[in-house]
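> Just so you know, the sequences run in chain order A and B. Numbered according to UniProt numbering, the first sequence spans residues 1 to 313. Numbered according to UniProt numbering, the second sequence spans residues 1 to 207.
Treat the hints as calculated values from the structure; they're not laboratory data. Note that beta-carbon positions come from the ideal geometry of N, C-alpha and C, so glycine has one too. Be a bit skeptical, because a hint or two may be false.
Derived Cβ-Cβ restraints for the label pairs, each shown as a range [said to hold, decoys possible]:
#1 B:164 with A:282: 49 to 55 Å
#2 B:70 with A:252: 43 to 49 Å
#3 A:29 with B:128: 29 to 35 Å
#4 B:23 with A:54: 53 to 59 Å
#5 A:200 with B:104: 55 to 61 Å
#6 A:253 with B:69: 41 to 47 Å
#7 B:14 with A:27: 36 to 42 Å
#8 A:206 with B:107: 57 to 63 Å
#9 B:14 with A:200: 52 to 58 Å
#10 B:155 with A:84: 54 to 60 Å
#11 B:131 with A:69: 56 to 62 Å
#12 B:16 with A:276: 55 to 61 Å
#13 B:131 with A:96: 30 to 36 Å
#14 A:76 with B:107: 25 to 31 Å
Rough simulated footprint, nothing fancy, chain A against chain B, three-plus residues with beta-carbon under 8 Å [as the list claims (entries may be wrong)]:
#15 18 to 31
#16 73 to 83
#17 109 to 118
Over 10 Å on every C-beta distance to chain A, these chain B residues come out as not near it, computed from the model [stated by the list, open to error]:
#18 88
#19 156
#20 168
#21 180
#22 183
#23 188
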Amino acid sequence: MRHLLSAGDLTRDEALLILDTARELAQVGERSVKKLPTLRGRTVVNLFYEDSTRTRISFEAAAKRMSADVINFSARGSSVSKGESLKDTALTLQAMGADGVVIRHSASGAARRLAEWVDGAVVNAGDGTHEHPTQALLDAFTMRERMGRLEGLRVAVVGDIRHSRVARSNVLLLNTLGAEVTLVAPPTLLPVSVDAWPCEVSYDFDEVLPKSDVVMMLRVQAERMNASFFPSAREYSRRYGLTAERFARMADHAIVMHPGPMIRGMEISAEVADSARSTVVEQVTNGVSVRMAVLYLLLGGAIQGPGHQGETR
Amino acid sequence: MHARKHADGERPDQRRAVLEGPEIDRALTRIAHEILERTKGGDDLTLLGIRTGGVPLARRLAERIERVERRPVPCGALDITMYRDDLRLAPARALGRTEIPPEGVDGRVVVLVDDVLFSGRTVRAALDALNDLGRPRAVQLAVLVDRGHRELPIRADYVGKNLPTSLRESVSVLLEELHGRDAVLIGPAKPRPGAAEPAAAAPEGGR
């Protein structure tokens, strides 16, 4: 594993190694000294072309907990706003000696392009409507911790699938790990290619709900919507929102997940979001552990690639 | 940490046993008594086995001390992977679990337990790991085998057996809990990791 670009690139063994590593690293978050010396001397650049608080802070905390140097680069107020291309920015970072680049970009495929240009490891932190592999990993980690297994787990992913990189990464990863995913959305919010995805599709939330072990709610991404995909927010909420009344019809052991940020009252009601079976806060905590695992596995050992070969100390 | 473990059964003809089960038992019993003597009855004693070989040894020492003193001795495991100084010589390794007993390590007399003492680098890493977990009153080191060739100023407080070896040899400790039988074997060394064999990410167990 040299980069983490797509959840679909991961083999079952690689994915489980990341989850197992994350479980051990989660202990560090409970200690008084929340720091490991493992990535001392490594530089991680957070290259964020899109606004993000939670993912950037999570990667920053993960890198810092392992003693890496972190450089935050956001497009706003930087050379990018002066018109610099992704490639030139990448080459600049390369020249500064970045060992790893965490990239968030509004264009699908940006991370993969970047990986062709830089020597260091590239981690996709969300590229357009394409993928968000570390989110899928932290979701899988959370499910595994809560439910004790992933094999055969029935997961419903509900909401704006069309604009969601989280949904695609989750479908690919959960399929690799043996869970059964059902996407639930109005037809207008499903991507065109959904038939090719390794999952079931349903338009009827109430039918899928009682059969699910995990219900993952997605935010309606108004900022990516260039047309009207449903008549009104109220109508959407009535058919696809996780209300208290629907929550009561879930299986007793089932959990509710949300990658955040949540719009309370839209896709999820406040009392469901705050219930003990909602894992929203755990997901944030687990995100740091999973990102530590990814950074450790990509940067912690010998780095294979031009410019790093035969590194000795 | 330079010569790696051989899987049990690999090249068996080239390895000879220098310690067998009963001798290992006797050495551990002696170490248990020495620990009690040195720590004046084992007050505030915590045993921490260094993964992987040290963990069953720490547990066995704890059982022996409990038998003598008739009270429980906290016993845990320390994974030092993230503190190794040779991480960059091999692809990232899988992590083991660090288990600290509920008493913690603050103010305790911590005895680190490992199977083989060689370069001293593992123990250096263990001391760093321990430092991040708390502040023990004292730290001591118990090893089953000391094979010499130290590269750091580190010595053991309790030694099962001093085993003079050549750098061209490797020492493997087999333990009932991990390998199905107790024995200390000497065989020809494998190449140093990072030099010729970058993929040598074998688990601990012998050096």
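> Each hint: holds or not?
Hints, one by one, checked against the model:
no.: 1; hint: B:164 with A:282: 49 to 55 Å; result: holds (53 Å)
no.: 2; hint: B:70 with A:252: 43 to 49 Å; result: holds (46 Å)
no.: 3; hint: A:29 with B:128: 29 to 35 Å; result: violated (19 Å)
no.: 4; hint: B:23 with A:54: 53 to 59 Å; result: holds (58 Å)
no.: 5; hint: A:200 with B:104: 55 to 61 Å; result: violated (49 Å)
no.: 6; hint: A:253 with B:69: 41 to 47 Å; result: holds (45 Å)
no.: 7; hint: B:14 with A:27: 36 to 42 Å; result: holds (39 Å)
no.: 8; hint: A:206 with B:107: 57 to 63 Å; result: holds (58 Å)
no.: 9; hint: B:14 with A:200: 52 to 58 Å; result: holds (56 Å)
no.: 10; hint: B:155 with A:84: 54 to 60 Å; result: holds (57 Å)
no.: 11; hint: B:131 with A:69: 56 to 62 Å; result: violated (22 Å)
no.: 12; hint: B:16 with A:276: 55 to 61 Å; result: holds (60 Å)
no.: 13; hint: B:131 with A:96: 30 to 36 Å; result: holds (32 Å)
no.: 14; hint: A:76 with B:107: 25 to 31 Å; result: violated (50 Å)
no.: 15; hint: 18 to 31; result: violated (count 0)
no.: 16; hint: 73 to 83; result: holds (count 3)
no.: 17; hint: 109 to 118; result: violated (count 0)
no.: 18; hint: 88; result: violated (6 Å)
no.: 19; hint: 156; result: holds (24 Å)
no.: 20; hint: 168; result: holds (22 Å)
no.: 21; hint: 180; result: holds (24 Å)
no.: 22; hint: 183; result: holds (30 Å)
no.: 23; hint: 188; result: holds (24 Å)
Comparing the model with each numbered hint stated earlier shows that hints 3, 5, 11, 14, 15, 17, 18 do not hold.
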